[in-house]
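Trainee: Each chain is listed here by its residues.
4 protein chains.
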Amino acid sequence: MFGLLSQLAHAELESPRPEESAAFFTEVLGLYETERDGGSIYLRAWGDPFHHSLVISEGAQPRIAHVGWRTAGAEALEGAAAAIEATGLGEGWQEPVLGHGRAFRFRSPGGNLHEVFWDADRYVAPEAQRSTLPNRPQRFLPVGVGARQIDHITFVTPKIMDDVAFWRDTLGDRFMEFAVDENDEVVFAEVTSNEQAHDIGLVGVAAAPGGQTHHLAYWLDLPSEVHRAADILRESGNPVEWGPARHGHGENTFLYVREPGGHRIELFSGGYRNYQPDWEPRKWLANSGGVEMFVNNPMPESMFEAFPAGERR
Amino acid sequence: MFGLLSQLAHAELESPRPEESAAFFTEVLGLYETERDGGSIYLRAWGDPFHHSLVISEGAQPRIAHVGWRTAGAEALEGAAAAIEATGLGEGWQEPVLGHGRAFRFRSPGGNLHEVFWDADRYVAPEAQRSTLPNRPQRFLPVGVGARQIDHITFVTPKIMDDVAFWRDTLGDRFMEFAVDENDEVVFAEVTSNEQAHDIGLVGVAAAPGGQTHHLAYWLDLPSEVHRAADILRESGNPVEWGPARHGHGENTFLYVREPGGHRIELFSGGYRNYQPDWEPRKWLANSGGVEMFVNNPMPESMFEAFPAGERR
Amino acid sequence: MFGLLSQLAHAELESPRPEESAAFFTEVLGLYETERDGGSIYLRAWGDPFHHSLVISEGAQPRIAHVGWRTAGAEALEGAAAAIEATGLGEGWQEPVLGHGRAFRFRSPGGNLHEVFWDADRYVAPEAQRSTLPNRPQRFLPVGVGARQIDHITFVTPKIMDDVAFWRDTLGDRFMEFAVDENDEVVFAEVTSNEQAHDIGLVGVAAAPGGQTHHLAYWLDLPSEVHRAADILRESGNPVEWGPARHGHGENTFLYVREPGGHRIELFSGGYRNYQPDWEPRKWLANSGGVEMFVNNPMPESMFEAFPAGERR
Amino acid sequence: MFGLLSQLAHAELESPRPEESAAFFTEVLGLYETERDGGSIYLRAWGDPFHHSLVISEGAQPRIAHVGWRTAGAEALEGAAAAIEATGLGEGWQEPVLGHGRAFRFRSPGGNLHEVFWDADRYVAPEAQRSTLPNRPQRFLPVGVGARQIDHITFVTPKIMDDVAFWRDTLGDRFMEFAVDENDEVVFAEVTSNEQAHDIGLVGVAAAPGGQTHHLAYWLDLPSEVHRAADILRESGNPVEWGPARHGHGENTFLYVREPGGHRIELFSGGYRNYQPDWEPRKWLANSGGVEMFVNNPMPESMFEAFPAGERR
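From first to last, the protein sequence lines stand for chains A, B, C and D. My numbering puts the first residue of the first sequence at 2, with every later residue one more than the last. My numbering puts the first residue of the second sequence at 2, with every later residue one more than the last. My numbering puts the first residue of the third sequence at 2, with every later residue one more than the last. My numbering puts the first residue of the fourth sequence at 2, with every later residue one more than the last.
Hints should not be assumed to be uniformly reliable.
Identical chains blur together in the list; that is why a pair holds if it fits in one copy or across any two.
Computed list of lysine to any residue pairs in SDA-like fashion (alpha-carbon distance at most 20 Å, straight line) [as the list claims (entries may be wrong)]:
#1 K284 / D182
#2 K160 / P138
#3 K284 / E186
#4 K160 / V181
#5 K284 / R131
#6 K284 / A126
#7 K284 / T133
#8 K284 / E92
#9 K284 / V125
#10 K160 / E306
#11 K284 / Q139
#12 K284 / R123
#13 K284 / P138
#14 K160 / P17
#15 K160 / V98
#16 K160 / P309
#17 K284 / A75
#18 K284 / E36
#19 K160 / N239
#20 K160 / G93
#21 K284 / S132
#22 K160 / T171
Simulated from the structure, these hints should not be mistaken for laboratory data. Every value quoted in this text rests on a predicted model; they were computed, and no experiment measured them.
Let the hints inform the model, and build the full structure from the sequences given.
Mentor: And the structure:
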């Protein structure tokens, strides 16, 4: 928590096959359904503290309809709303909805829809799901992959450095790492509100034409669980798109898979813990060894696809 | 496989609460029910190649009713039966039963009931459970702990060195490690038909008065999964009795838990791979630092309990 | 980073055997010596960003002479100094020293000596030690345990809730977890400036009579490396005092060992990531199952010893 | 141990840069030098029980000059020699050499030079290197990767099924897995004397033209250590050629790297434990998803190179 935001709280995923998407998240990744309301399915991982970290709604194409951020406090919410309003990107306040209080909506420079809020409904487990540990929102009795909590989201943007500046200067995130192409143009960037390299990834449109989002990531407790997840995904008929491998940036272990609606999901663990407020963003050369820890595991072409296809706001 | 046996194939567990025992093995440890027959429940772990590795039958007290060993081949079965017969410990041939062919039954010197057989029914997964890997008997889509396969069994015996001699000299196992008390009496010994330190543990009656068996062990792929299992067991209301920790003998990571019928089950992973036919058994001093890798994790008193209580054949 | 502090930056360890202590940290734990100056030895782990995270000085008894905290920024340093001054615990400004700029010194309510500073010298690796990754201060070519970075420190205090209040209200840390005895007296507490359960542990004097500090902890990348470290420590003649096991509070995997000067060092990994500014501290019952994840791994009596023996400021 | 062999005991590696090769094995992989004799450098991993598992000799090109197998006993040595002699592949007895007793030399059908022996000198650690565990040949005080023991070797052969038949029918290995091309020609096969999928890999000459060996593998205790090794290799200037990833056959975690002399070395861990003497070899389709667990980590072209280049016996 280095600024006005405390954490990525939830994302709304539109899927052409919402029931199949929900089944994938619950039966394979091990999330739990909290509630259904207004045609949407509300889910959370076992370690997510709030009512939901994922909302699945029906949509013609796979896309992330909006992303919710919890602020660092009640004052920080007012401060964030005012600061965003001042940039001209604000879309106004929204009344409380299922799971959280009033929220201020806005578009990031690249066009993605977000909301910030402070009041949030904590998940209260029914008796049978209560943990024997007082610090857990729910028992750990995992199914399948057993993802622990929402981690980060990666957007596609035509204005990558505008997005970096927005998150850093308006909301107080840190700008941690970036990659440039042979023309020294930034093609990938990471900003964060926490100790890891990113809770927001930013991919340029050249790398992911047409789309608005690239992937949504869930956290597993151990890198070895990402490898275990790859096995489970293979065996469950959900082939891994890329990985498991390890990013150089952030040092995280990862894999990517498509959920049944078509959107890319990342499973993610490990990585450095960096507490330096004055960290200088680190530069990588995208086409010279790349940003990966293990250079002989090249990214497949399919990773250039973003969502929704062929459309921007 | 260093002698006439190829592997521990199955154990029959008597439980006063067979349905609860079966639920623990399937819902918490992640075994699968193959079949029910004659009042018994047949189970196997996802990686077990045969029809079953565990039979749960109803009984007044928790105990292992018999243990099944697969021989190294058809000739090895005849050889084993003849060799056992010659020791006077044989109890004769038994007709084929559910899961395997004709078997020769015997009592080990300490009094435990065993059978050796060669013909075994391989598990054939139904279409929906087939693996995407040609070398697996079943898909890996784990529930809970997700144990992989049966590993070893530890007996209680008043004649510990007679048992060692029997398994080594009659059946060709290797004698790997042992621990002595202050009088240089052997109180614990390990023999094996494979590359690990043991598929049979032998505990003296002083250490486990009255009983015939001490624990039955299942294998997990990684030591870290034993730690994950400890968490799952706690959260599922099945408290770990000892561990997770690491034995010095064999270098295995372990934990012990009681199944609902009362018998002790070990979850087990890691350990050395030893291929030396002429390995000299290694001696440990049980009361001087002990046989554990991590000396400040003492064995609780409850570990001296064996099954069934207060009775020997 | 939830308040005025960004991170635990260093600790000064007094040792009756400074050369042996330094050899333990470099040859067994895998730290690196940065410099020697004024009779002190400056060390850092491979992932520590600054000039040092540990200073070893000669002293009659093992003790932590002072602890250094880096603030969240230059303004936060002024704010922290003013806020501390207002509590009457300030001891004034100190001129820049080897490794960091001017610092404000103070005693926490329990009597431990600290300093806060902002300007810090970053470690610059010599050519041969430079990493192939732009985000690392140094190559990863580990020796022995290969600890990554300083993690937390646990103090002994007669005024445990005063200390909690000080760190929370004066410096903005979060109060995360605590344990009470049968009289509902707090005997252990954890406060943090980051996403984990603590970077400060607080132990009551009843639990650790006479001393001022209990242990200093270094971070390893994986819980499995704590288990590997236990093996290395045993083999290097530095017996583990307690662990490896897993705390319930924070969910961290740990072990404790004494460095040659006598002070307790913890090796530490894993644990939850908690981003809730309004987290309610969780209460544990110290004598009813305890604060451990695995209940059958009791804390040895030696863990009640604190440093220096029989003395408080 | 399923036949006349108990284990792969050693390999002789010829290197154009023997000192650099030795430094890589000791300083990066963490092997130990036992002795130098006759221009050769004798090395072993910390867990290898015998005098050496690797001999480095000077040679014009990187190649494996010979491979040593320990038999299942003294009689098995005579039996193996007789059986090999009967195939016409024998090259006669060799007098005892440094590290082991008399050996029978032979060429496998594909032309590689081997020897079988029984008497072997066990490594006896000097006092300072003795383990605190009675079952280890040496203390575990690792440097760098810290490889544990020799694991397997992969040959190139124009007669892949002849080699399979030789190891299976003459020496009693099991034939475990194989891959075929679109013409149903076997292009890869695995045979084993132990519980894992292979201690011998066989690659067809189409896949590795000209050479006689493909790689020599060392075992690490955990799959996570293979990932840690990849990081160490990168940082030490020894780029990983392929991996870390996981083979489908055998389920092993792997990486490949070239030692300074140019030969490919594999680091290897995990994998199934299979005890079935009547295991049916499993067939994979090399060009239809391949033999890898994770399909989006394709093998780089460089992996088709074998040693020595452009030459067969």
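Trainee: Compare the structure with each hint and give your call.
Mentor: These are the hints, each one checked on the structure:
1. Only within a single protomer do K284 and D182 lie at most 20 Å apart by alpha-carbon distance; the minimum there is 11 Å, versus 43 Å between protomers.
2. In the homo-oligomer, the alpha carbons of K160 and P138 never lie at most 20 Å apart, since the shortest distance is 38 Å inside one protomer and 31 Å across protomers.
3. In this homomeric assembly, K284 and E186 come within 20 Å of each other (Cα to Cα) only inside a single copy, at 11 Å, whereas the closest approach across copies is 48 Å.
4. Proximity of K160 and V181 under a CA criterion of 20 Å is satisfied intra-copy only: 14 Å inside one chain copy versus 49 Å between copies.
5. With identical chains, the CA atoms of K284 and R131 are at most 20 Å apart between copies only, with a shortest distance of 15 Å across copies and 45 Å within one.
6. For the identical chains of this complex, K284 and A126 are inter-copy neighbours only, at 18 Å across copies versus 44 Å inside a copy, given an alpha-carbon limit of 20 Å.
7. For a Cα distance limit of 20 Å, the shortest separation of K284 from T133 across copies, 12 Å, qualifies, whereas the shortest one inside one copy, 45 Å, does not.
8. Proximity of K284 and E92 under a CA criterion of 20 Å is satisfied in neither setting, with 33 Å inside one chain copy and 42 Å between copies.
9. Proximity of K284 to V125 under the C-alpha cut-off of 20 Å is restricted to the inter-copy arrangement: shortest distance 17 Å between copies versus 43 Å within a copy.
10. When the C-alpha separation of K160 and E306 is checked against a cutoff of 20 Å, the pair qualifies only within one copy, where the shortest distance is 18 Å, while the shortest distance between copies is 44 Å.
11. Taking the closest pair of Cα atoms, K284 and Q139 come within 20 Å of each other only across two copies (16 Å); inside a single copy the shortest separation is 40 Å, beyond that limit.
12. For a Cα distance limit of 20 Å, the shortest separation of K284 from R123 across copies, 18 Å, qualifies, whereas the shortest one inside one copy, 39 Å, does not.
13. In this assembly of identical chains, the alpha carbons of K284 and P138 lie at most 20 Å apart only when taken from different copies (14 Å versus 38 Å within one copy).
14. When the C-alpha separation of K160 and P17 is checked against a cutoff of 20 Å, the pair qualifies neither within a copy, at 29 Å, nor between copies, at 53 Å.
15. For the identical chains of this complex, K160 and V98 are neighbours neither inside a copy (31 Å) nor across copies (44 Å), given an alpha-carbon limit of 20 Å.
16. Proximity of K160 and P309 under a CA criterion of 20 Å is satisfied intra-copy only: 18 Å inside one chain copy versus 52 Å between copies.
17. When the C-alpha separation of K284 and A75 is checked against a cutoff of 20 Å, the pair qualifies neither within a copy, at 35 Å, nor between copies, at 26 Å.
18. In the homo-oligomer, the alpha carbons of K284 and E36 never lie at most 20 Å apart, since the shortest distance is 43 Å inside one protomer and 29 Å across protomers.
19. Taking identical chains as interchangeable, the C-alpha atoms of K160 and N239 are never at most 20 Å apart, the minima being 33 Å within one chain and 38 Å between chains.
20. Taking the closest pair of Cα atoms, K160 and G93 never come within 20 Å of each other, the shortest separation being 23 Å inside a single copy and 48 Å across copies.
21. Taking the closest pair of Cα atoms, K284 and S132 come within 20 Å of each other only across two copies (14 Å); inside a single copy the shortest separation is 43 Å, beyond that limit.
22. For the homomeric pair K160 and T171, the shortest alpha-carbon distance inside one copy (16 Å) is at most 20 Å, but the shortest distance between copies (41 Å) is not.
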